[in-house]
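Q: Work the whole structure out from these sequences, hints included.
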Amino acid sequence: MALTKVNRGGLNTGISDSSDANAITIDSSENVLIGDASPQVTSKLTVSGNGSADTATFMYDGSAGTYLDINTNTANGIISLEANARSGNYPPLTFITSGSERLRIQAGGGISFNGDTASANALDDYETGTWTPTMTGSTSNPSSAVTGVGTYVKVGKLVHIYLQFNNVNTTGAAGIVTITGQPFAADPTNHPITMMAYDFDFFGKTSLVGEVNSSTIIGMVSGDDTAWANLRFGAGTTRYLFAAGTYTAS
Numbered sequence: 013m014a015l016t017k018v019n020r021g022g023l024n025t026g027i028s029d030s031s032d033a034n035a036i037t038i039d040s041s042e043n044v045l046i047g048d049a050s051p052q053v054t055s056k057l058t059v060s061g062n063g064s065a066d067t068a069t070f071m072y073d074g075s076a077g078t079y080l081d082i083n084t085n086t087a088n089g090i091i092s093l094e095a096n097a098r099s100g101n102y103p104p105l106t107f108i109t110s111g112s113e114r115l116r117i118q119a120g121g122g123i124s125f126n127g128d129t130a131s132a133n134a135l136d137d138y139e140t141g142t143w144t145p146t147m148t149g150s151t152s153n154p155s156s157a158v159t160g161v162g163t164y165v166k167v168g169k170l171v172h173i174y175l176q177f178n179n180v181n182t183t184g185a186a187g188i189v190t191i192t193g194q195p196f197a198a199d200p201t202n203h204p205i206t207m208m209a210y211d212f213d214f215f216g217k218t219s220l221v222g223e224v225n226s227s228t229i230i231g232m233v234s235g236d237d238t239a240w241a242n243l244r245f246g247a248g249t250t251r252y253l254f255a256a257g258t259y260t261a262s
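Heads up, the sequence shown is in this note's numbering, so the first residue is 13 and it goes up one at a time.
It should be emphasised that the hints constitute simulated quantities derived from the structure, not laboratory data. Where is the CB? At the ideal position from N, CA and C, for every residue including glycine. Please note that a few of the clues may not be correct.
Stated by the list, open to error - Taking CB as the label site, the calculated pair distances span:
id: 1; residue 1: Asp137; residue 2: Trp240; range: 29 to 35 Å
id: 2; residue 1: Gly127; residue 2: Ser150; range: 48 to 54 Å
id: 3; residue 1: Ser219; residue 2: Thr163; range: 23 to 29 Å
id: 4; residue 1: Thr142; residue 2: Leu105; range: 30 to 36 Å
id: 5; residue 1: Thr258; residue 2: Ile38; range: 55 to 61 Å
id: 6; residue 1: Thr140; residue 2: Ala186; range: 33 to 39 Å
id: 7; residue 1: Gly120; residue 2: Asn242; range: 40 to 46 Å
id: 8; residue 1: Phe215; residue 2: His172; range: 28 to 34 Å
id: 9; residue 1: Thr218; residue 2: Thr258; range: 21 to 27 Å
id: 10; residue 1: Asp236; residue 2: Gly121; range: 45 to 51 Å
id: 11; residue 1: Thr183; residue 2: Leu105; range: 53 to 59 Å
id: 12; residue 1: Gly187; residue 2: Ile123; range: 41 to 47 Å
A: Next comes the structure, spelled out in structure tokens:
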């Protein structure tokens, strides 16, 4: 059925077939076709820019799912958004170009790429923020709380942290230098990060690295043909400690 413009009492519906006999068509299956009486792909709504399926924009609603295709000349589409797998309340949303899936928003959250449907491979987080590193001792804590400045960037499970204790007073502290307050627990533990320290006890060793554990960061020192040891306090004023690195969050 082709619809034509109707004027009643000066009211114009805006529907006209003056330039095209198939301006708007409703077929026997109750599909609405605009600019095309016979689209290449059967759909509930089809809009053709020049009266052919080559430039159709259509939406399909059927048992397999819901689709929105733009500038399609095949059933697969050139650009396609697809919400399929109607078995659940929250189906994935896929983006298809040239007939191949390029990006998927997982039903449970996160983004995967190029046809990868595994939820474990989905990028499910990106954030930046600050945190407050606190320095404590295994034998005794500093007489006054020693806090520093920390920042982080988290992409999926990868966490990059930076921390600094700039010109702090560690008087009263003794034992192993322990830093708490990291934004995310590490999994597994013992992630090495870069660390540098001024006026702490290296036990005469020459190498220092940081070690990120589930809830603490410690310093590890070593030298030629010597075993690892923990960085310890040389308590006093004007102490400096910096660290930066990337680890996997639990």
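Q: Indicate, hint by hint, whether the structure satisfies it.
A: We went through each hint and held it up to the structure:
no.: 1; hint: Asp137 - Trp240: 29 to 35 Å; verdict: holds (33 Å)
no.: 2; hint: Gly127 - Ser150: 48 to 54 Å; verdict: holds (51 Å)
no.: 3; hint: Ser219 - Thr163: 23 to 29 Å; verdict: holds (26 Å)
no.: 4; hint: Thr142 - Leu105: 30 to 36 Å; verdict: holds (33 Å)
no.: 5; hint: Thr258 - Ile38: 55 to 61 Å; verdict: holds (59 Å)
no.: 6; hint: Thr140 - Ala186: 33 to 39 Å; verdict: holds (35 Å)
no.: 7; hint: Gly120 - Asn242: 40 to 46 Å; verdict: holds (41 Å)
no.: 8; hint: Phe215 - His172: 28 to 34 Å; verdict: holds (29 Å)
no.: 9; hint: Thr218 - Thr258: 21 to 27 Å; verdict: holds (24 Å)
no.: 10; hint: Asp236 - Gly121: 45 to 51 Å; verdict: holds (50 Å)
no.: 11; hint: Thr183 - Leu105: 53 to 59 Å; verdict: holds (58 Å)
no.: 12; hint: Gly187 - Ile123: 41 to 47 Å; verdict: holds (45 Å)
Checked against the numbered hints given earlier, this structure breaks none of them.
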